[in-house]
Amino acid sequence: MKAKTIISIALAAAMAATSIISVSAGTIELTPDNNSGNTEVKAHISGAPTPGDVSYIITIPDVVDFGELTQPAENTDSFKDVPFTVKLTELSGTSFDPDAQQISVYVKDQNATTDDSEFYIANKTNPSIKLGYEVFRSSTPSMDNKVSADSFKTAGYFYTSFTVKDEFLDGTLRLNQNQLYGRDLADIVGEYSGYMVFTSFIENQTQP
Amino acid sequence: MENNKSKKKVVVIAVIIAAVILICAVGVLIFSGVFPPKLDTGHKGVVGVVTDNWDTGLKEESSEAKPGTRIPGYSTAEMKEGDTTLSLSIGNPKANTVGFFATLKLQNGDVLYESELLKPGQGLTEIPLTHTLSKGTYNATVVYKCVLLDEENTPLNAAESGFKLIVN
Numbered sequence: 001m002k003a004k005t006i007i008s009i010a011l012a013a014a015m016a017a018t019s020i021i022s023v024s025a026g027t028i029e030l031t032p033d034n035n036s037g038n039t040e041v042k043a044h045i046s047g048a049p050t051p052g053d054v055s056y057i058i059t060i061p062d063v064v065d066f067g068e069l070t071q072p073a074e075n076t077d078s079f080k081d082v083p084f085t086v087k088l089t090e091l092s093g094t095s096f097d098p099d100a101q102q103i104s105v106y107v108k109d110q111n112a113t114t115d116d117s118e119f120y121i122a123n124k125t126n127p128s129i130k131l132g133y134e135v136f137r138s139s140t141p142s143m144d145n146k147v148s149a150d151s152f153k154t155a156g157y158f159y160t161s162f163t164v165k166d167e168f169l170d171g172t173l174r175l176n177q178n179q180l181y182g183r184d185l186a187d188i189v190g191e192y193s194g195y196m197v198f199t200s201f202i203e204n205q206t207q208p
Numbered sequence: 001m002e003n004n005k006s007k008k009k010v011v012v013i014a015v016i017i018a019a020v021i022l023i024c025a026v027g028v029l030i031f032s033g034v035f036p037p038k039l040d041t042g043h044k045g046v047v048g049v050v051t052d053n054w055d056t057g058l059k060e061e062s063s064e065a066k067p068g069t070r071i072p073g074y075s076t077a078e079m080k081e082g083d084t085t086l087s088l089s090i091g092n093p094k095a096n097t098v099g100f101f102a103t104l105k106l107q108n109g110d111v112l113y114e115s116e117l118l119k120p121g122q123g124l125t126e127i128p129l130t131h132t133l134s135k136g137t138y139n140a141t142v143v144y145k146c147v148l149l150d151e152e153n154t155p156l157n158a159a160e161s162g163f164k165l166i167v168n
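Those protein sequences? They're chains P and Y, same order as listed.
The first sequence begins at 1 in my numbering and counts up by one.
The second sequence begins at 1 in my numbering and counts up by one.
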């Protein structure tokens, strides 16, 4: 009698285990009486934009290298210019309206704040020694195309906007070596580095 | 006496059969992912599945190395209130020669995700968030800190891709 009871328990356990496995398969049968299920259905129509997908790619300079700087002999401007390019390398045609929207690109120094939004490279050994430089929206720098001529925003200074794939803008970084004039080279000698932050986002085109 | 021994044998066999069936059932459940194993996170208490074959999804991407660093940009991303993952394609395009450390954050500085080093071709599409968000539309940013692929991960210029994060 006991044996029969225990065998019954064993069989019940086996059936219970089997039913657990069946539920874990997650199949929900929809019938006319049961036409709802707690199953999320996802679909994507080919060609339509999907939130979270990459919409565009911009190409920015890896690094900005002014090379070797020279202390000028006289107290006059001594510019060292470095060209750079920002380009809209890829663009999804389905998630962007080129007639109404633009991809705006802003630029700032990595340590920029509203109080000090200048661009700097700093001495790696003594970061308190800094050299300032300017960013221009052209390969021929002038006061008209200096980014800091515009107002500074959280994203930085406006650099350019794109609406078409492969659009690009050549710019220039300019360091005036005149900053080195009259300074003791023993104090300022060494390697300098600084980093730029390029911020991009899609926004509506501004009305003229 | 003989009868008692036989009954005991039957009981032992029945218990063994039941135990084996239960162990098999639990094994199947674990294998099928009902009880997933815990993974070591290391980053903000969340972990994502980083693949080695991430691509931007844009047609004309080439893996040919070109000057400059290619940075992905976004229009929008969506999630539901209560979700702790976000469908967003964060990664390092194959054509790059530098590494990325990616951070997903809101405009108020709230960090939702920080990646480990992403080498070219590495990325993820389901982002595990540090916490969920309430319904609303947020200004979000993926910060891409670019580094050399050397031992020190020497910093390079950085980029930020802004987009609207919609929580339904």
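Hint data in this document are derived by calculation from the structure and do not stem from the laboratory.
Using N, Cα and C, we set each Cβ at its ideal position, and we do this for glycine too.
Some hints could be false.
[To be verified] Straight line, CA to CA, 25 Å or less: simulated SDA-like cross-link-like pairs of lysine to any residue: (1) LYS94/Y <-> THR50/P; (2) LYS153/P <-> ALA122/P; (3) LYS164/Y <-> PRO51/P; (4) LYS164/Y <-> LYS146/P; (5) LYS153/P <-> ASN139/Y; (6) LYS94/Y <-> GLY121/Y; (7) LYS105/Y <-> ASP115/P; (8) LYS146/P <-> SER193/P; (9) LYS146/P <-> THR50/P; (10) LYS153/P <-> ILE188/P; (11) LYS153/P <-> PRO61/P; (12) LYS105/Y <-> LYS124/P; (13) LYS105/Y <-> THR114/P; (14) LYS130/P <-> ASN139/Y; (15) LYS165/P <-> THR154/Y.
[To be verified] Across the chosen pairs, the derived CB separations fall in these ranges: (16) ALA100/P <-> LEU106/Y: 23 to 29 Å; (17) GLU74/P <-> THR137/Y: 56 to 62 Å; (18) VAL82/P <-> THR97/Y: 15 to 21 Å; (19) THR154/P <-> LEU117/Y: 50 to 56 Å; (20) LEU69/P <-> THR132/Y: 27 to 33 Å; (21) LYS80/Y <-> VAL189/P: 33 to 39 Å.
[What the hints assert, rightly or not] Far from chain Y, some chain P residues (derived; all Cβ distances over 10 Å): (22) THR50; (23) GLY52; (24) ILE60; (25) ASP62; (26) PHE79; (27) GLU90; (28) THR113; (29) ASN123; (30) LEU131; (31) THR163; (32) ASP170; (33) LEU185; (34) SER200.
Quiz item: Taking only the CA atoms, is the gap from LYS153/P to ILE188/P under or equal to 25 Å?
Solution: Not OK: LYS153/P and ILE188/P at ~32 Å, beyond 25 Å, violated.
Quiz prompt | Supplied distance hint 33 to 39 Å, evaluated on CB atoms of LYS80/Y and VAL189/P | solution = For LYS80/Y and VAL189/P the Cβ distance comes to about 58 Å; the hint is violated.
Exercise. Could you grab the alpha-carbon distance between LYS146/P and THR50/P and see if it respects the 25 Å cut-off?
Key: 37 Å, violated
Practice problem: Could you grab the alpha-carbon distance between LYS94/Y and GLY121/Y and see if it respects the 25 Å cut-off? | Solution: 4 Å, holds
Self-check item: Least C-beta distance between ASP62/P and chain Y, which was stated to exceed 10 Å
Solution: 5 Å, violated
Self-check item: No chain Y beta carbon within 10 Å of GLY52/P's
Solution: 4 Å, violated
Quiz prompt | LEU117/Y and THR154/P - C-beta distance against the hinted 50 to 56 Å | solution = 27 Å, violated
Practice problem: Confirm or reject the statement that THR50/P sits farther than 10 Å, beta carbon to beta carbon, from all of chain Y. | Solution: 8 Å, violated
Exercise. Sort out whether ASN139/Y lies within 25 Å of LYS153/P, counting only the CA atoms.
Key: 15 Å, holds
Quiz item: Straight-line Cα separation of LYS164/Y and PRO51/P no greater than 25 Å?
Solution: OK: LYS164/Y and PRO51/P at ~10 Å, within 25 Å.
Practice problem: With respect to the beta-carbon atoms only, verify the hint that ALA100/P and LEU106/Y lie 23 to 29 Å apart. | Solution: 26 Å Cβ-Cβ, so the 23 to 29 Å window holds.
Quiz item: Is LYS94/Y close enough to THR50/P, meaning Cα to Cα at most 25 Å?
Solution: Within the cut-off at roughly 21 Å; holds.
In the structure shown, a violation is registered for the earlier hints numbered 4, 9, 10, 12, 14, 15, 19, 20, 21, 22, 23, 24, 25, 27 and 34, in ascending order.
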